[in-house]
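Enquirer: Based on these hints, arrange chain B on the given structure of chain A.
These protein sequences, in sequence, are chains A and B. First residue of the first sequence: 10, per this note's numbering; consecutive thereafter. First residue of the second sequence: 10, per this note's numbering; consecutive thereafter.
The set of hints was computed from the structure by calculation and includes no laboratory data. Where hints are given, some of them may not hold.
As the list claims (entries may be wrong) - Pairwise CB distance ranges, derived in the manner of DEER restraints:
1. B:Lys13 / A:Asp450: 19 to 27 Å
2. A:Asp407 / B:Arg119: 30 to 38 Å
3. B:Asp299 / A:Glu443: 45 to 53 Å
4. A:Pro11 / B:Glu137: 57 to 65 Å
As the structure is a prediction and not an experimental result, all values here were calculated from the model. Note that CB positions come from ideal geometry on N, CA and C, so glycine has one too.
What follows is the residue order along each chain.
2 protein chains.
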Amino acid sequence: MPPKDHHFQPIADESFPQGYLAAGLYCGIKKHKDTSKPPPNDLGVVISTSPRTASAACFTLNAFKAAPVVVSGEVLAITQGRARALVVNSGCANAVTGKQGMQDAWDMVRTTDCLVATHGDGAAGSVENQTLVMSTGVIGQLLPTEKILQGIGKASSSLAGGFKAWEALARAFMTTDTFPKLRARSFDLNGTTIRFAGIDKGAGMIHPKMGPPGPPHATLLGVIATDAAVSPKSLQSALTWAVDRSFNSISIDGDMSTNDTIIAFANGASGMEAEIDEETNPEGYKIFRDELTGFAVDLAKLVVRDGEGATKFVTVSVEGATSYTDAHKIASTVSASSLVKCALYGEDANWGRILCAVGYTSSLSTPIDPTKISLSFIPADGSEHLKLLTKGEPEIVDEVRAKQILEQEELEIRIELGMGKENAQYYTCDLSHEYVTINGDYRS
Amino acid sequence: MPPKDHHFQPIADESFPQGYLAAGLYCGIKKHKDTSKPPPNDLGVVISTSPRTASAACFTLNAFKAAPVVVSGEVLAITQGRARALVVNSGCANAVTGKQGMQDAWDMVRTTDCLVATHGDGAAGSVENQTLVMSTGVIGQLLPTEKILQGIGKASSSLAGGFKAWEALARAFMTTDTFPKLRARSFDLNGTTIRFAGIDKGAGMIHPKMGPPGPPHATLLGVIATDAAVSPKSLQSALTWAVDRSFNSISIDGDMSTNDTIIAFANGASGMEAEIDEETNPEGYKIFRDELTGFAVDLAKLVVRDGEGATKFVTVSVEGATSYTDAHKIASTVSASSLVKCALYGEDANWGRILCAVGYTSSLSTPIDPTKISLSFIPADGSEHLKLLTKGEPEIVDEVRAKQILEQEELEIRIELGMGKENAQYYTCDLSHEYVTINGDYRS
Chain A
10 MPPKDHHFQP IADESFPQGY LAAGLYCGIK KHKDTSKPPP NDLGVVISTS PRTASAACFT
70 LNAFKAAPVV VSGEVLAITQ GRARALVVNS GCANAVTGKQ GMQDAWDMVR TTDCLVATHG
130 DGAAGSVENQ TLVMSTGVIG QLLPTEKILQ GIGKASSSLA GGFKAWEALA RAFMTTDTFP
190 KLRARSFDLN GTTIRFAGID KGAGMIHPKM GPPGPPHATL LGVIATDAAV SPKSLQSALT
250 WAVDRSFNSI SIDGDMSTND TIIAFANGAS GMEAEIDEET NPEGYKIFRD ELTGFAVDLA
310 KLVVRDGEGA TKFVTVSVEG ATSYTDAHKI ASTVSASSLV KCALYGEDAN WGRILCAVGY
370 TSSLSTPIDP TKISLSFIPA DGSEHLKLLT KGEPEIVDEV RAKQILEQEE LEIRIELGMG
430 KENAQYYTCD LSHEYVTING DYRS
Chain B
10 MPPKDHHFQP IADESFPQGY LAAGLYCGIK KHKDTSKPPP NDLGVVISTS PRTASAACFT
70 LNAFKAAPVV VSGEVLAITQ GRARALVVNS GCANAVTGKQ GMQDAWDMVR TTDCLVATHG
130 DGAAGSVENQ TLVMSTGVIG QLLPTEKILQ GIGKASSSLA GGFKAWEALA RAFMTTDTFP
190 KLRARSFDLN GTTIRFAGID KGAGMIHPKM GPPGPPHATL LGVIATDAAV SPKSLQSALT
250 WAVDRSFNSI SIDGDMSTND TIIAFANGAS GMEAEIDEET NPEGYKIFRD ELTGFAVDLA
310 KLVVRDGEGA TKFVTVSVEG ATSYTDAHKI ASTVSASSLV KCALYGEDAN WGRILCAVGY
370 TSSLSTPIDP TKISLSFIPA DGSEHLKLLT KGEPEIVDEV RAKQILEQEE LEIRIELGMG
430 KENAQYYTCD LSHEYVTING DYRS
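Okay, chain A solo, but in the shape it has when bound (with noise of 0.2 Å):
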């Protein structure tokens, strides 16, 4: 594999947005395998200091929601989206744990609302009932509460605002992943800075679909925290429209998540005026809603360079459908396939596998046009596209020059189907040898 560790850089301060505390600590559920390191980070909390915190969600779409799934959902119905605090742990990820599960999640939330009555501006607002929950590794297994308990104990004197807490929270969600997932952004609103802070995790079982709570819908997890001030309604709404554009838009392995779950919190600790709503202030929320959109896009992209065994970055933009489902439909299943997947490994230009995943994407509105079809790799370097197909008639391809490209760590999949005018993009890795040793004993 490249080497990925340059993904992970230092960030100023005071990039990170305001009010927010964040800590990140080993309490014992990872194995401690090479003792000459220091443990990994396995428990993580991260706090909004300000009680009238908005809170967002989506969700995993898979039939075995994991109890924090289940749970976290029933938190941000009881706090009508004013829940202010997270509390996630790796290495257990407490899904089919049946009715245990259940109240070691619960318990996991109880616990952390003690910090934040002990940290957080309580003069008002509830302390109860105000922490969403996450948690990620081996399906199946039940939580060692105790060990998990006493660590949210322990991460009370450690919360803390700048990098390294930050740095800390990002390690305790990593599972197979090679690097912290950490980003921070600021944009102008008005003449106020508005700060984003983001996490991620996920390197395997990454083929997400999300949706927002209510009816159920991706382990992929993630939480973005924003000192903008937003309505709790508005800001489901703009994380809603992020997640589909950004991380049900990627593709490890195909296999989605009981688990999955992306959260947003904004605190308001930016110092704006009135809350962003989509009803009253609709331009605002828009250019809200683009900002979240573009730093949840960068920050799936993180899990797809972290992709198990990944050694490439690919890009599949479907282009000319007839509308944006199908578009996306198609980009997804070329994005789950084995064989192409194993063809960008073997830096092989076998783009007949890629016409063939098309060929068999279901459930499409409007049929494949076989002789309308054109399919080109576009070179992450700027050097010309490479084409593969046109109009359903194969191109003479120069095998040299095929091999140039996928000899790159990036490259773009262009498939044109000349139908429409509707465009979807989806994020991709290869499927390496070192997937399947990752993924053959991951228990171990």
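Expert: Frame of chain A; chain B shown alone:
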């Protein structure tokens, strides 16, 4: 990989159906890499000597149907189900090859028609458009048509009816297959001995979905020849039934090919008096259909046993669904999960991944109830079942026992939904390092 050669054994000459001539040879499509061995067969022909032969086929549902798929569909229509020859090549799929590809497929048909004229009992019936055509191999490359047409001419002198001829034909189907897939079987129908011979191929790009010609419907190739007398309509009906329960219930990598085709011939050379017909003789039809289905299941399982890089043969049984379609979709989704397949390869009892795949099965008519589902491993050696989950609550799993079961070459995963009475089975294999090696560099 475990040795697989034992799946191919000599068959007595008298076991093959009467009235068929077969041949297989090397014509130069495949590379002859190891010159210390004879060259690999890449072209085959089978002809029924009887002009009253019935024929039927199931083709891929991929939108990009390869030229031979389109042409075979046309031949079936022209002959009204009375085609009586098959020409097959391996090494090049003649898929996504535009207009030239269509012309090449027709050239193969017409040249083979000449063999029908010289070798068939030409007294009755046409000798034009009598030939079905199949190709398998790389997608997007043109056939070396001249070599193929010369090869068909050479096949003329080696056409014969016994084991050696059928074996040579079976070898002409092979791509990444590690052994030729040839079976024969006989049964008694009202005092007449009916014989089946069957060949199939496929080791990757296997997740077929095939239907009868007409609407476009799964690179798994197969041919079943029988000396029963069957009407064309009833042969198609019996084949469609059999394919749904055999070839459409296997997965190696989840990729549905552009070329998947199963063809059946019934030439009446057994000496039956009347053609088997669903309407006039439903009892005889049902006996024939069920024998055909059992034979097709045996052939389909051979493909999974030879799955690219496969070390395990796994049956996924879904029981207690409200519909066969739901049960079949869930079994299909679990069978295609990369994570489940890697865990099987690693002999890791990571059963949460199975549940996870059940949970993301799309388009079910009845949603899964997570509190009703049970899951167990059924060892192939007849020893005790291992319960993993009972009505949504995880069992305390004896990991030593789980490992014992997973170390065996065969395994059944049983998923009990507890919702209805419908069951379905799928046959799949594991995902190994060897699979990635094979498919990372397939074309060279």
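Enquirer: Look at each hint and say if it fits the structure.
Expert: These are the hints, each one checked on the structure:
no.: 1; hint: B:Lys13 / A:Asp450: 19 to 27 Å; verdict: 24 Å, holds
no.: 2; hint: A:Asp407 / B:Arg119: 30 to 38 Å; verdict: 34 Å, holds
no.: 3; hint: B:Asp299 / A:Glu443: 45 to 53 Å; verdict: 46 Å, holds
no.: 4; hint: A:Pro11 / B:Glu137: 57 to 65 Å; verdict: 58 Å, holds
Consistency with the previously given hints is maintained throughout, with no hint failing.
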